[in-house]
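Chains F and Y are the protein sequences, given in the same order.
To convert, note that position 46 of the first sequence is 46 in our numbering; the numbers rise steadily by one, no gaps.
To convert, note that position 585 of the second sequence is 585 in our numbering; the numbers rise steadily by one, no gaps.
Derived from the structure by calculation, the hints contain no laboratory data.
Keep in mind that a hint or two might mislead.
Claimed, not checked - Below, a list of computed lysine-lysine pairs in the DSS-like style, where the Cα atoms sit at most 30 Å apart:
no., chain 1, residue 1, chain 2, residue 2
1, Y, K75, Y, K537
2, F, K183, Y, K141
3, F, K179, Y, K141
4, Y, K322, Y, K588
5, Y, K533, Y, K463
6, F, K18, F, K59
7, F, K109, F, K183
8, F, K179, F, K18
9, Y, K34, F, K18
10, Y, K537, Y, K580
11, F, K116, Y, K533
12, F, K85, Y, K141
13, Y, K463, Y, K537
14, Y, K322, Y, K454
15, F, K89, F, K183
16, F, K179, Y, K34
17, Y, K34, Y, K141
18, Y, K141, F, K18
19, F, K18, F, K89
20, F, K183, F, K18
21, Y, K141, Y, K463
22, Y, K533, Y, K34
23, F, K109, Y, K273
24, F, K116, Y, K536
25, Y, K463, Y, K536
26, Y, K536, Y, K588
27, F, K116, F, K179
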Amino acid sequence: MSGLSLSHEPVSGVAHGKLAMWAFLASEIMFFSGFFGAFIVLRNSNLDVFSASAAELNKWLALVNTIVLIGSSLTMALSILQLQKGNVKLFRLFMGLTILCGLIFLVVKTVEYSGKFHHVLDEHEIMHLRNGVPPNPDALLPGINPSTNVFFAFYFLMTGFHAIHVIAGLIPMVFMFVKSFTKGGYNHPVKVESLGLYWHFVDLVWIFLFPILYLIFPAH
Amino acid sequence: MSATSAVANNHHDVHSHSHDHHGHDHHELSFIQKYIFSTDHKVIARQFMFSALFFLFVGGFFALLIRWQLAYPGKAIPIIGNLLPATWVTDGVVQASFYTQLLTMHGSVMIFLVIIPLAVGMFGNFCIPLMLGTDDMALPKLNMFSFWLMPPAAMITMGGFWFPDGMAAAGWTSYPPLAVINGPGQTCWLIGVFLIGFSSIMGGVNYITTILNKRTPGMTLFRMPLTVWALFITAMLIVLGTPVLAAALSMQFFDQFLGSSFFIPDNLVTTKKFVGGGQAVLFQHLFWFYSHPAVYIMILTPMGIVSDVLATFARKPLYGYKAMIFALMAIAFLGFIVWGHHMFQSGMNPLLGTTFMLSTIVIAVPSAIKIFNWLGTIWRGNIHFTAASMNALAFIATFIIGGLSGVFMASAPIDIYIHDTYFIVAHIHYVLFGGALFGIFAGIYYWFPKMFGKMLNENMGRKHFYWSFIFFNLTFFPMHILGVGGHMRRIYDPYIYDFLKPFQPMNEFITIAAGLLGFSQLILVVNILWTIKFGKKAPDNPWNANTLEWSAPTPPPHGNFTEDIRVYRGPYEYSMPGAKEDYAPQTKQDIPSEVEGEIVDESMFKAH
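This is chain Y alone, in the form it adopts within the complex:
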């Protein structure tokens, strides 16, 4: 926290400079300061984006290896099978011990290194200062550290790669006692995730400070776009939830490394010697106290993005602006009191289980408010179908399916049946891939012109969307059927059970769809790389949107804006009756009327 004012001064100098030159080159910043150890929030956002997209493919690769094993157990992986190291595969076939590592690392990478950095790291950094009309984060240096903790943390998380025992293999939930008796890969995982959590907390602290302290004049809390509101609430979840995970991980680290028995019950016979006296379920309580809010950390920001994208592309005010904010708050609050629904099968007082069941089902209420408000927003709107808006609509569709399957699991009697089956896998992917990732895609297509100054190729964007949406559903919808049929979640070879043998064709189908889903993501990468090199230059406000980031030059220079920003209206005043244009930027005081030389009288239609 020290030296922040020095940074602020430095920024001021850079800032006045960029004003003169309209953001061409900053002589006082070397290449390293400008692109690598940069304190500029936009550069940090890009760093988060590229690192997370890289890990998206790492995690996806792990997923495809899992899929291959489920569809064709005992068969060699095609092409790459014989190139993989002997500790992973035997004659090209995935080993059982490596399979559990794959499961663990697929989940850990996707959650901690892809979705959270994309949703919170990338959009938080890019959107908050621009949408609030300020020059940078409140604490730019802290911001830089919060990114640069990620690469070493990622390497440590996967550090088991260098040990003969391999990477962590106790699932992304790392339940003891299994996790405690695992090898050094698990220890690496604990340290890595602890550091990622620390990076998240630094980011969250910064977001809260920026949103409370750096709003431009006129930008009241209830004039902030939904994306910023979502990030604000997400930051609170991070600041209050992540440290509890850190506590749990520290205790597990003690168990693993120093031989303590926090989570080791009496008389457990293992190769390591423990005195016992601990409780394994205690870890689950601590873990889910963070990890349930964590699913909201991953989904709230995409919800905010979808709200912004839909209002812009439906050319209509967001339906129920304040209701949307209160629904976000309600989801965040309830998120802290429902963690027990992950543990119905862990041995729990049925009365307590009922409490968790009821509080969980109550979350459907604010979620439904959001769904209906989005539908209300596009209802009779002048909908523009672009890659961004289609991804946002896909978010709603898949979130409804994922949300409804969530209600099944929330009911303890049903959960007892579907617990630990592929139904759970289907649900998590409908919410995290179908929900969060489609929302993130919408955000990437929407803000890319502002981030890089080039328009993404719309044709490729649509192809990416259609292929992803189709193969996403083909991959994950059948998993509901597998799950209800009793297909276990983390099984190496399902066909050792006779009753699962008929599912082999369906598993084969899912694997083919998953492969194609993976390949369709390459379209996005090609699109991004092609656009950065050859794309057409983006105008300042390509979507005719209202929020402040579109008032900045494209791409925004160091310091973001070339003029002082003052906010006169809410973020969603689209298609005002009598106005000449169908949008009213937040920075504009007077909106020209259809009648030449007159100004729209706004008192008639104040934004809600």
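So here's chain F without its partners, still in its complex pose:
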């Protein structure tokens, strides 16, 4: 080595990747804030539609998903702890459980979505969900879809972007999990920790989505 130390230790004491993740999460909060802000505004001008539409959602499936996702946050935290301790076997176990939970979440979400796409609106529903406007025959998706009304537009927008975030989190997890089986193993606790921050954030977004979409019905 030439003795140059231009790439020195992080000044703030927080690793680059972790600090960048915090900055990125600030950005993510603003992204979802845009949706939540718009949701508040349009909910207040469409109380009846929102109330009728929220009743169409399956809150039991969503409850299962909530439990699965909170559980995955726990296993994520445990896997970070185990990797920091150097216990690769337990790290692998908990990381595998986290991936499993993420996949269960996505499967449940798919079941939910497909239920919506296969749902044909009857007269009564058209009256209450669409103020009597007949369904748009040109809509890209069948059944209940984003063009059904503003509530379902929000439902697909917010849960859709949330699901994309889940998928985006699963990709590096699978990479780490597979890598831990190779000869070199996987030993980057800071990266797992940064990914953990992201995963907890994704979990937290769901904690907000669950009540506002499924549980809180606007009063008539």
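Knowing the structure of chain F, use the given hints to seat chain Y on it.
Below, chain Y without anything else, positioned relative to chain F:
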């Protein structure tokens, strides 16, 4: 974010290697790794510079077509008129539908593909690691991705080119419902701008991390040059503002592509069928929540550059260093609470309008602090007139005019009159061209020797400056008069109104000036290309400046510095009384005194 430590290791190897060879050739890097998919911040800065300069001419071409139509409606465009495709022109005359596409794409290209990549992408990448005395960005791979997202995003933004309906045509603001009922060109625009925003966010995250984590020993936050401070604050604006635009664009994409009604009110009759229930003004709120901070994303970095350039060429410490930083912070903070002033005419509670009006006018205070501090910096300085310093002075002059016309618009009663007229066009160009672009030019002339190792031709630089400055003012100043006369902003043929007919000669004058303004930019391109090929070799510190980048070899090798960097002083200690030289590089611990063999006692004059 993965694999960063692997990159860091790789850098270390390259780095020690370059130390031995003083940055000649790096055998371990292939051509593609070195110049195309490079993680070196200096190469990425050059990539941003060349791509943005290319788009500057694309956007300028669109502007000239707009100008031709306004000056000579119904007349064929000379020379190229008959070469343009039939979906754009009829017998060489710009079609009305193409005219709206031109307006939209001129604004989008100039803002998203020229000014932001130049101000933030180019200077952010080049200046931050060098001015902080480190070898590269904190996350070099992320940096590379943030550039390489741009070319596909640019192509998608203009992707409407391939559709019969043409490019996006709802203005760069893309207001619904018009934008929602537009064709696939608009959908392409939404996706493209979303990707550009993602690229910006990646860059912003990287800048924040680098500035907080990679400062060399001795480089405290309050010893950072103003350019780095400006980029730091800009990065925060990007990280907090851009995602809101992304949210708005996603919602509009849903409206367009999946038929939802976020921004479509009840009972809107269009060819597409919507259930309604949305609010068009909601989009404007979300859009301007980003796009007002975006004007500060475009102007803060040039402000920082101008501060550095003026202090260097006035050979004086920057007047009110900390006040300048706090003014930047104040502008950035206020930028987030003033967006409603773009919407006085959109239907707003007058009480809310008043709030936005007052918060907007308050921005004049930190802006004035900056202007007076720049004047204080050059006041009785030993001013060296170079292409860089003259562009910086032009920045101040035009920013004052643009800033003052901004105060007119901020007052709701006046805005109701001048809303959507050429007065607005004059203002935006005084701030974005006169302000941001002149600041960027100053930065290019200032840092070019360090970037490319060659001195730009000063004579051509001055010609470029004089021509640009004169024709810029001839182009945009008369627009204030057009605007007050009631000339609409996005009108295809103004002369369908009798009261606008007398403005035809003035429009003709503006068009000629705009053409010459466009041609004067060719001088810059010729200068850059000529210099890269034949220019004279630049010394390490051609301007006798203090900041760290001038302590690096020219051009800096991979890894930037050939010795460890330690910072002992602030960035603007010029002309210290008793010192032998009129500058004191940040890396120098002891400054030789005029008296042989003695050292300047600095306790007497600490930098503010």
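Evaluation of the provided hints:
Pair hint K75/Y plus K537/Y does not hold up; C-alpha atoms about 49 Å apart against a cutoff of 30 Å. With a CA separation close to 25 Å, the supplied pair K183/F and K141/Y stays within the 30 Å bound. For the proposed pair K179/F and K141/Y, the alpha carbon gap of about 20 Å is at most 30 Å, so the pair holds. Using a Cα cut-off of 30 Å, the hinted pair K322/Y and K588/Y holds, with the two alpha carbons roughly 22 Å apart.
At most 30 Å may separate the alpha-carbon atoms for a hinted pair to count; K533/Y and K463/Y meet this at roughly 20 Å. Restraint check for K18/F and K59/F: not satisfied, since their Cα atoms lie roughly 35 Å apart, outside the 30 Å limit. Of the supplied pair hints, the one linking K109/F and K183/F is violated, its CA atoms being roughly 36 Å apart against a limit of 30 Å. Taking the CA atoms of K179/F and K18/F, the gap is about 21 Å. The hint holds against a cut of 30 Å.
Between the alpha carbons of K34/Y and K18/F the distance comes to roughly 28 Å, so the proposed pair stays at or under 30 Å and holds. Restraint check for K537/Y and K580/Y: the C-alpha separation of about 27 Å stays at or below 30 Å, so the hint holds. The hinted pair formed by K116/F and K533/Y fails the criterion: a straight-line CA distance of about 64 Å is larger than 30 Å. Between the alpha carbons of K85/F and K141/Y the distance comes to roughly 29 Å, so the proposed pair stays at or under 30 Å and holds.
Between the alpha carbons of K463/Y and K537/Y the distance comes to roughly 21 Å, so the proposed pair stays at or under 30 Å and holds. In summary, the hint linking K322/Y to K454/Y is not supported, as the alpha carbons are separated by about 34 Å, beyond the 30 Å threshold. At roughly 13 Å between alpha-carbon atoms, K89/F and K183/F fall within 30 Å of each other, so this suggested pair holds. Proposed proximity of K179/F and K34/Y is supported: the alpha carbons are some 29 Å apart, at most 30 Å.
Restraint check for K34/Y and K141/Y: the C-alpha separation of about 13 Å stays at or below 30 Å, so the hint holds. About 15 Å separates the Cα atoms of K141/Y and K18/F, which keeps this hinted pair within 30 Å; it holds. The suggested pairing of K18/F with K89/F holds, with an alpha-carbon distance near 24 Å, which does not exceed 30 Å. Distance restraint check for K183/F and K18/F: the Cα-Cα separation of roughly 26 Å lies within the 30 Å cut-off, and the hinted pair is therefore satisfied.
Straight-line distance between C-alpha atoms of K141/Y and K463/Y comes to about 39 Å, which puts the hinted pair past the 30 Å bound. The straight-line distance between the Cα atoms of K533/Y and K34/Y is roughly 20 Å, inside the 30 Å bound, and the hint therefore holds. A C-alpha spacing of about 28 Å is found between K109/F and K273/Y, which places the hinted pair at or below 30 Å, so the restraint holds. For the proposed pair K116/F and K536/Y, the alpha carbon gap of about 69 Å is over 30 Å, so the pair is violated.
With a C-alpha separation of about 19 Å, the suggested pairing of K463/Y with K536/Y holds against the 30 Å cut-off. With a C-alpha separation of about 28 Å, the suggested pairing of K536/Y with K588/Y holds against the 30 Å cut-off. Of the supplied pair hints, the one linking K116/F and K179/F is violated, its CA atoms being roughly 38 Å apart against a limit of 30 Å.
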